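2 protein chains.
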Amino acid sequence: MSILVVGSVAYDSLETPYGSMEKALGGSAVYFTTAASLFAPVNVVGVVGDDYDFSDLDFLQERKADLSGVIRKKGDTFAWKGVYGEDPNERETIYTRLGVFADFKPEIPESFRKSGYVFLANIDPDLQIDVLTQVDRPKLVVLDTMNFWIESKRESLNRVLEQTDVLIVNDSEAKQLTVENNLFTAAGKLFDLGPKIVVIKKGEHGALLLSKTDKFFAPIYPVEKVKDPTGAGDTFAGGFMGYIGSQDKTDWDTLKKAVIYGAAAASFTVEDFSILRLKNITAEDVNQRVGEIKKMTEF
Amino acid sequence: MSILVVGSVAYDSLETPYGSMEKALGGSAVYFTTAASLFAPVNVVGVVGDDYDFSDLDFLQERKADLSGVIRKKGDTFAWKGVYGEDPNERETIYTRLGVFADFKPEIPESFRKSGYVFLANIDPDLQIDVLTQVDRPKLVVLDTMNFWIESKRESLNRVLEQTDVLIVNDSEAKQLTVENNLFTAAGKLFDLGPKIVVIKKGEHGALLLSKTDKFFAPIYPVEKVKDPTGAGDTFAGGFMGYIGSQDKTDWDTLKKAVIYGAAAASFTVEDFSILRLKNITAEDVNQRVGEIKKMTEF
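Residue numbers (my numbering), protein chains in the order written: chain A, 114 to 412; chain B, 114 to 412.
Certain hints may be false.
Intra- or inter-copy, both count: the list cannot distinguish identical chains.
[To be verified] The list that follows gives simulated cross-link-like pairs (lysine-lysine, BS3-like), each with its CA atoms no further than 27 Å apart:
#	residue 1	residue 2
1	Lys194	Lys325
2	Lys408	Lys338
3	Lys362	Lys407
4	Lys338	Lys302
5	Lys338	Lys177
6	Lys408	Lys309
7	Lys186	Lys309
8	Lys266	Lys177
If you are wondering where the hints come from, they were derived from the structure by calculation, not from laboratory data.
Everything numeric in this text was worked out from a predicted model, so none of it was measured.
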């Protein structure tokens, strides 16, 4: 079953202790799609500027991605520069140049409106709401957000949350959304906001999948050299939803496995800059790491 | 197979956001033994002062603990006062009064010297070495230590590490011991110091069991109200070694399960002050949480 993703398409400038990269392919929609399209058809909606070279994304068409919803506008593509320290969790944003993304108003092509699964990547909650008004009720609405929107657009965010089935946040965002220190208490309050399922990402400590009645602990796939952590979260979401799309099921067992697919996919992203590693893997490579994670958690 | 533990027996004074407790039973040997003796016979070596009321430990004799190695000396029992903040990981030591523990020189009773498994709780590395000279070569030497000894007695600590089979440390200690930021890189270097197996405790994020060739991820058992985190680490070690002692095996599958028993046991400790909860549970209670953890990690 196909997946709709609405998010950013960007050129990143990256600096990490392992090197640097200019004009790197980036943006939540790109990371997400590169992972998800290994497993299921992905319909992508986004915007780029005059400077964007679409041929860089040719590899996506060999996977199962439809880029016809990525439109070109006059101006510059969204550009972001980040510098990471020794601790991959600490990064400094040097600049964020919105360019054509500043006026981004997602238009969902007719052919995308019946996508079974929708991923609202981390963009303005008002735009996320707008996307939901344009699509037929999907089987699952999955939402990402960040501290910036929690602080600046809480009311709009609450309205999206009411229509969200699965919320994916990191641990600090979960605590911020609920003003709770204990993750499990925080999760309990997140359900009150709308989502039936909450995925809490904990960086190197893995992820938690939570429903009102069940809990599932997923580790990361261990990577010794995290060359570039950019996009790990979006790749996680891509692996997660790619697996769900491939199974076209949303029961607890499928969701558990989907989280592991997310973790496995994300481990490839951080092994090299941008999508350099992720674009050169196959579904079988991800399957293999899923198997290894199974070995590392079974007792 | 029986387990020898050498560690502290203390009176704690505890303050947490959930209340306070004076003259609480504490000390690494007490937490360890309360957990381990649910599963295997435990031989305890320690020291207490004139003020210690042994009848408080009567419940341990109904389990499988032999306290004949806990000797009474003239003076006060080791006393410690700690205050915890909202974040259970942050605690302030108000005082540490060594009392009779200052001159502690472990003497291993003849009948304890053939214990199959030895747990060297977090005490002066010179004393830990001394213990090892007094026992017949056990099947497994398990070591705990802390930042204080890493900083002040590194040479002695290195000598204990050379004779250690399993090192149990928390993540910050692992990084401190190896001057490495990445946990997996740190673990690689820990093996060079002696241990064949490393267990890295990550607080609310669970624990890692590592050998040179294998990795195992264990979650915590989720507890919403951490009333008093004191002794969680020693209880973890107690559950871990108790299970190993009960199986009398040290293969990888046993070690994996032992880590889960450690996590399950520790979850009871933090649910109430001191050993109040831990002393009132049965092996079956721990088994049940082990089963629940299995459900929360299987996919």
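- prompt: Which holds for lysine 338 with lysine 177 at a C-alpha limit of 27 Å: within a copy, between copies, both or neither?
  reply: So lysine 338 and lysine 177 fail the 27 Å test inside a copy (30 Å) and across (46 Å) alike.
- prompt: With identical chains treated as interchangeable, where does the CA-CA distance between lysine 338 and lysine 302 reach 27 Å or less: within a copy, between copies, both, or neither?
  reply: between (36 Å within a copy, 15 Å between copies)
- prompt: Between the shortest in-copy and the shortest cross-copy C-alpha distance, which are at most 27 Å for lysine 186 and lysine 309: within, between, both, or neither?
  reply: neither (37 Å within a copy, 59 Å between copies)
message: Please sort lysine 408 with lysine 309 into within, between, both or neither, judging by C-alpha distance up to 27 Å.
response: between (29 Å within a copy, 20 Å between copies)
field: Same-copy or cross-copy closeness of lysine 408 to lysine 338 [CA-CA at most 27 Å]
entry: within (21 Å within a copy, 31 Å between copies)
field: Same-copy or cross-copy closeness of lysine 266 to lysine 177 [CA-CA at most 27 Å]
entry: neither (34 Å within a copy, 59 Å between copies)
- prompt: When no copy is named, should lysine 362 and lysine 407 be tagged within, between, both, or neither for a Cα gap of at most 27 Å?
  reply: both (21 Å within a copy, 23 Å between copies)
message: One pair to classify: lysine 194 and lysine 325, alpha carbons no more than 27 Å apart. Within, between, both, or neither?
response: neither (39 Å within a copy, 38 Å between copies)
Hint compliance for this structure: hints 1, 5, 7 and 8 are not met, and every other hint is.
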